[in-house]
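**Student:** Each chain, letter by letter, is given below.
Protein chains: 2
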Amino acid sequence: MSEQNKLSSPSIFIGKQGNGIISFGSGQPDLPPPREAIEGINIRNDLRYGLIQGEIELREALSKEYPTSTADNFVITNGASEALDLIFRALSPGKVLVPRPYYYSYPPIIKLAGMEPVYTDLNEGRIDLDDFKKKVTDCKVVLINSPSNPTGRIESLETLKEIERITKKLGIYIISDEVYKDLIYERENYNIQGEHVITVNSFSKTYAMCGVRVGYLWSNVQSIVDDAIAIKTHTSMNTNLVGQDMALHAMSTPKEYILEQQRIWRGRRDLIYKGLCDLGFDLWKPEGAFYVLPRCPKPKKFVWLLYERYKVITYLGDWFGSPDRIRLSYALDNKEIEEGLNRIKDALKEV
Amino acid sequence: MSEQNKLSSPSIFIGKQGNGIISFGSGQPDLPPPREAIEGINIRNDLRYGLIQGEIELREALSKEYPTSTADNFVITNGASEALDLIFRALSPGKVLVPRPYYYSYPPIIKLAGMEPVYTDLNEGRIDLDDFKKKVTDCKVVLINSPSNPTGRIESLETLKEIERITKKLGIYIISDEVYKDLIYERENYNIQGEHVITVNSFSKTYAMCGVRVGYLWSNVQSIVDDAIAIKTHTSMNTNLVGQDMALHAMSTPKEYILEQQRIWRGRRDLIYKGLCDLGFDLWKPEGAFYVLPRCPKPKKFVWLLYERYKVITYLGDWFGSPDRIRLSYALDNKEIEEGLNRIKDALKEV
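In order, the protein sequences belong to chains A and B.
Quick note, the first sequence lines up with residues 1 to 351 if you use this note's numbering.
Quick note, the second sequence lines up with residues 1001 to 1351 if you use this note's numbering.
By construction, these hints were calculated from the structure, which means they are not laboratory data.
Honestly, I wouldn't trust all of these hints.
With a cut-off of at most 27 Å between alpha-carbon atoms, the simulated DSS-like pairs for lysine-lysine come out as follows [to be verified]:
(1) B/LYS1111 with A/LYS95
(2) B/LYS1111 with A/LYS140
(3) B/LYS1140 with A/LYS111
This one's a predicted model, so the numbers in the text were calculated from it and none came from an experiment.
Required output: the full structure, derived from the provided sequences and hints.
**Tutor:** Spelled out as structure tokens, the structure:
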């Protein structure tokens, strides 16, 4: 089973689908986007450059969701990924405090921008404030991702507010990656606030339109907004106009759509959580997003076995800074989740 | 006239239009895109992530335009800007030889990636091979932009082939920015070739769809294609799917469209070139793209005077590394070009 050494990154599983494969791999909604995002989109005849900062109508619509904001506080980007890239390039150099396990793009995107990641290990999937306080003093930025990929956890309001206070006092920025803000089961999302906060968000998860690549950053820090625009002027220019139009239309989707999505995700969450518990896995109950991160004794061997013999794709926790776990996305319908769980049950007999 | 100090970058003129303004500023076609790019685009219901490298159909269609290529040689990007950004980040660190005057994003995009620009000054708007040979030995990459923004010049076939030979011998990469390849008046475009070449291109200028942001890089250097994909995986993921679909459709535009565009641009070129010569300006006759770069005695004063008193936007040559010149884009209809020339004539009486 030396082939398990191929497991160096998730890219090994890209494009693997059909043919009886059950994929707990990909981190994106499987449900269709709301019809508002697609119907009534007329591709205009004027396809000249748009504003680098983003179309004014879209930024104005977004500003209504952020208290005391205006369109000037936003930069529309090619997904949350580009928002993060622009922010780190604007803030470079310096250290970034990253809770671990982390979204697998965080360390490379930080290093690519010439910054240095510093890790604070989560305790039962949540930020350990003692460790956080020790490590934060040396940093320029803190990166928070609640709800989290890959843990599925949300931080308590107390923790988030304490982080607001500590960082404000020390003059440290918070980057709050809230792309799962609408996929949260336990409470309303808490939008981290402050004059030192940069929020990253996206239309990808809420409206199931990952491939359209429209996200944004929000901040009260004028210099960061200005620097992000200045960098984007050279590195990609305006975010594609048709995508921005689709995002604007998606915002008119009735609130019921989001509630219905939450209902579906909660059902799937319950199914996979119970299923994995029943199989003896030790895991945290997801409170948001759509991931579970169970402990696994020989993760490389097991992930490879599942893929090779059972056509089940799971991701190595190691890719997310968690070498003794595996990650499963439950962006699958209930039937597939059940079938996947059955195959995992069979695979367990082999190890 | 101390307000002329506001002229620190082209951003001062962004969004300035209507109200009687004649803009020779913006570097994008004013003509509408071909109907092929817009009609028949059905936004699909599946908006999940696409391949980071780009949609296979689009890459296969492109591969027919590049001898002995396959879809594997391409990465589809958010315009030529992102292609350049990815390439420089993949090649960093090292020195990049840049002909000066240059497209104004080149120096910042090179520096942002942690590379260092080195300049070779053009002679009458063309590469000076003696200076080029002296400076290239120290470099990792050479950046060629023929037809050129802002000079409007094309390099001779002999020069381009000599550059191919010199760089190949020295083991230096060529990045060939060919976004104006279809806007060329004097001969067919010459596609710089070799195992050490990375070509950057775009649908923006050929099909008048700048705001859709679809470009690409092509290379035979497998490691550069791989590294560009690896970086893009973290910094922006797939290029927006609807834009890629529009680009694929645009490729079915009959060749006559491009020939008709060339005819229009050539007429405008003749008009502005003769007009500026008649006004006594010293300038190079454009052979491609849609820019002129005349000498101008007090460029800051003149650009500001034109804007403030005559509502005519021109760009400072200084932004393009050419402090004793001004740049005019002729992406305007003939009537506007004539009106602009009349106003320039009046302004000249004031200096």
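**Student:** Hint by hint, say whether it matches the structure.
**Tutor:** Here is how each hint holds up against the structure:
1. B/LYS1111 with A/LYS95: holds, 21 Å
2. B/LYS1111 with A/LYS140: Status holds; Cα separation ~22 Å.
3. B/LYS1140 with A/LYS111: holds, 22 Å
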